[in-house]
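Chemist: The lines below spell out each chain.
Number of protein chains: 2
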Amino acid sequence: MSHAEKKRKLDKTQQERLYFDSYTDVTIHAEMIADRVRTNTYRMAILKNGESIRGKVVLDVGAGTGVLSVFCVQAGAKKVYAIEACSIAEHAVRVVKQNQMDDKIEVIRGMVESVELPEKVDVLVSEWMGYALLHESMLNSVLHARDRWLKPGGVLLPSTAELYIAPVSDRVVEDNVRFWLTVKDQYGVDMSCLADVARACVASSELTVDTVAVEDVLSHPARFAELDLYEVTAEALREVKGTFRCETFGSAALNAFCVYFTVTFSCPESPLVLSTSPFQEETHWKQALLYLDAPVDVVQDTAVTGEVSLRPSAENAREICIRVDYTVGEHKRQSKAFSL
Amino acid sequence: MSHAEKKRKLDKTQQERLYFDSYTDVTIHAEMIADRVRTNTYRMAILKNGESIRGKVVLDVGAGTGVLSVFCVQAGAKKVYAIEACSIAEHAVRVVKQNQMDDKIEVIRGMVESVELPEKVDVLVSEWMGYALLHESMLNSVLHARDRWLKPGGVLLPSTAELYIAPVSDRVVEDNVRFWLTVKDQYGVDMSCLADVARACVASSELTVDTVAVEDVLSHPARFAELDLYEVTAEALREVKGTFRCETFGSAALNAFCVYFTVTFSCPESPLVLSTSPFQEETHWKQALLYLDAPVDVVQDTAVTGEVSLRPSAENAREICIRVDYTVGEHKRQSKAFSL
Numbered sequence: 001m002s003h004a005e006k007k008r009k010l011d012k013t014q015q016e017r018l019y020f021d022s023y024t025d026v027t028i029h030a031e032m033i034a035d036r037v038r039t040n041t042y043r044m045a046i047l048k049n050g051e052s053i054r055g056k057v058v059l060d061v062g063a064g065t066g067v068l069s070v071f072c073v074q075a076g077a078k079k080v081y082a083i084e085a086c087s088i089a090e091h092a093v094r095v096v097k098q099n100q101m102d103d104k105i106e107v108i109r110g111m112v113e114s115v116e117l118p119e120k121v122d123v124l125v126s127e128w129m130g131y132a133l134l135h136e137s138m139l140n141s142v143l144h145a146r147d148r149w150l151k152p153g154g155v156l157l158p159s160t161a162e163l164y165i166a167p168v169s170d171r172v173v174e175d176n177v178r179f180w181l182t183v184k185d186q187y188g189v190d191m192s193c194l195a196d197v198a199r200a201c202v203a204s205s206e207l208t209v210d211t212v213a214v215e216d217v218l219s220h221p222a223r224f225a226e227l228d229l230y231e232v233t234a235e236a237l238r239e240v241k242g243t244f245r246c247e248t249f250g251s252a253a254l255n256a257f258c259v260y261f262t263v264t265f266s267c268p269e270s271p272l273v274l275s276t277s278p279f280q281e282e283t284h285w286k287q288a289l290l291y292l293d294a295p296v297d298v299v300q301d302t303a304v305t306g307e308v309s310l311r312p313s314a315e316n317a318r319e320i321c322i323r324v325d326y327t328v329g330e331h332k333r334q335s336k337a338f339s340l
Numbered sequence: 001m002s003h004a005e006k007k008r009k010l011d012k013t014q015q016e017r018l019y020f021d022s023y024t025d026v027t028i029h030a031e032m033i034a035d036r037v038r039t040n041t042y043r044m045a046i047l048k049n050g051e052s053i054r055g056k057v058v059l060d061v062g063a064g065t066g067v068l069s070v071f072c073v074q075a076g077a078k079k080v081y082a083i084e085a086c087s088i089a090e091h092a093v094r095v096v097k098q099n100q101m102d103d104k105i106e107v108i109r110g111m112v113e114s115v116e117l118p119e120k121v122d123v124l125v126s127e128w129m130g131y132a133l134l135h136e137s138m139l140n141s142v143l144h145a146r147d148r149w150l151k152p153g154g155v156l157l158p159s160t161a162e163l164y165i166a167p168v169s170d171r172v173v174e175d176n177v178r179f180w181l182t183v184k185d186q187y188g189v190d191m192s193c194l195a196d197v198a199r200a201c202v203a204s205s206e207l208t209v210d211t212v213a214v215e216d217v218l219s220h221p222a223r224f225a226e227l228d229l230y231e232v233t234a235e236a237l238r239e240v241k242g243t244f245r246c247e248t249f250g251s252a253a254l255n256a257f258c259v260y261f262t263v264t265f266s267c268p269e270s271p272l273v274l275s276t277s278p279f280q281e282e283t284h285w286k287q288a289l290l291y292l293d294a295p296v297d298v299v300q301d302t303a304v305t306g307e308v309s310l311r312p313s314a315e316n317a318r319e320i321c322i323r324v325d326y327t328v329g330e331h332k333r334q335s336k337a338f339s340l
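Residue numbers (the UniProt record's numbering), protein chains in the order written: chain Y, 1 to 340; chain L, 1 to 340.
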């Protein structure tokens, strides 16, 4: 290969990288903005906190396309620092210009940990939540920004996060296992011996992110952890855990737990809750599903108790591991660890 | 880390690999067997070719779970060699046993190119088709097996493959671009400047595999290539190409081409066709979509003409590249290359 050819090749790779970078960004951001629960709850929370924001300085951590920063200016902020580490920051600059807010919103491309601001801020807004709250989350960055840049008595949006768990009977997954028992009727070939392999596949130790159907949730969800975002420390995030107790609604084959979160915004009248519960309107976070090795039969009022623990994966601190120790009715205590 | 710990770690990795290997296999195979068009067409083709199969020796290339081999024994084969390179072969052995055919079906784990059979075969059956027919396809392996193991005058199932192209107006994709124009109405933030980025994302040079809605197909599909599987050579597969001419049904914004295939089984009465056309029942192959850089308006009877070429990617021979040179009505000739 000649030098010129090599050069062209390199350029192509670079272009591709840039291309896919912007590709990924804009697609993901469209999904997030189209998530009405997410975007409307943030919008209402910001507008209802107009009293705290009007004439004040705001920091938007992980600003993405800058949509929350625009909401803050609409709520009366005199200045917004919109920090974004990814290339989407370039598009945030365009959005800010298009909304004639370039005198008020300063988009800063960089990591919040290394960015220098000319002043402390009155309000810190951030949409930092990942799957199962903490997967690939930026919460550590938000806490860093809080400790470094938020004035004493400053406002955090949102201000608390809660984690919930509920026992689930995922019928689709059971149908996928049972599929192998139906092949003989469909095609005249007995493939029932593969049902055990299918069960082993279902009972993976990978966290699955998917929508849990309301009718598959077997009890009222139990809250097992709460984070006060004004107080919580990076140290405390190394393990977030708590106990739970649920009582099942009726007869079913419990084959999974689902874990989800809410975050709450303090507002002058009543708090606003952004919920990712399977009982609420679907969000792009869906729910995290933890499949058991085998289904367990429950009846009405079977007690399902245990402890859940979330911690960063040993291999990659941005990835989450969830461990559940659980007891179903009279069955003996079980334990299973999951990662995403 | 102690030696014992290292060892345990290694074992875990190996287990995971084995685990995920079987995981991938059984999930993919469930999807393929559940594809009624695929499985029923193969089943009917094998049963209708009972005259060629009864008392004969069959080779099943890429046997998977062994379902086609079982069909062949049901059609009267006295012996089936079921060759499978992946670990799913172990499950094929179990399926064969469960159907009491271990005296007739010999599952051989290995690459067909290196396997040694004790005899030549009368019939070669294989489900070798990939996305856009040739992506990650095993056709080269089938041709190798044909040349090495099929007796002169032996039967190939299927015996021909055809490739088709049709102009498409993908409305979902246009909606995704237009989404950015709707944000202002929804949330009061003008994000229309991101529509051009979204368009660039849509107009990716990656092949997309997805279901094309019947109402989005803009003309009768045009056949641009046919492979006679008795005659075609590996050499000829280095580039499969042909010309096409379509006339559009009515006014629409042409923003993509879709490419799909059929394979045909000779049968005593009339041939059986396994079609992946958007006008037929959906299969797991869906269609391959090639998005243009910008939509082109067409009206009734606009001529869409051009040439399509499929060839293995330079980087990975198992991956496919598709190049389309096309002219829409009076517009000038365009050209775009895609890879999967």
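Hints were generated in silico from the structure; no laboratory data involved.
Do not take every clue at face value.
To be verified - Using 27 Å as the maximum straight-line C-alpha spacing, the simulated DSS-like pairs for lysine-lysine come out as follows:
1) L/K184 <-> Y/K151
2) Y/K184 <-> L/K79
3) Y/K79 <-> Y/K104
4) Y/K48 <-> L/K184
5) Y/K184 <-> L/K184
Chemist: Compare the structure with each hint and give your call.
Modeler: Hints versus structure:
1. L/K184 <-> Y/K151: Roughly 33 Å between the alpha carbons, so the hint for L/K184 and Y/K151 is violated.
2. Y/K184 <-> L/K79: 22 Å, holds
3. Y/K79 <-> Y/K104: 5 Å, holds
4. Y/K48 <-> L/K184: Judged against 27 Å, a Cα distance of about 19 Å means the pair holds.
5. Y/K184 <-> L/K184: 55 Å, violated
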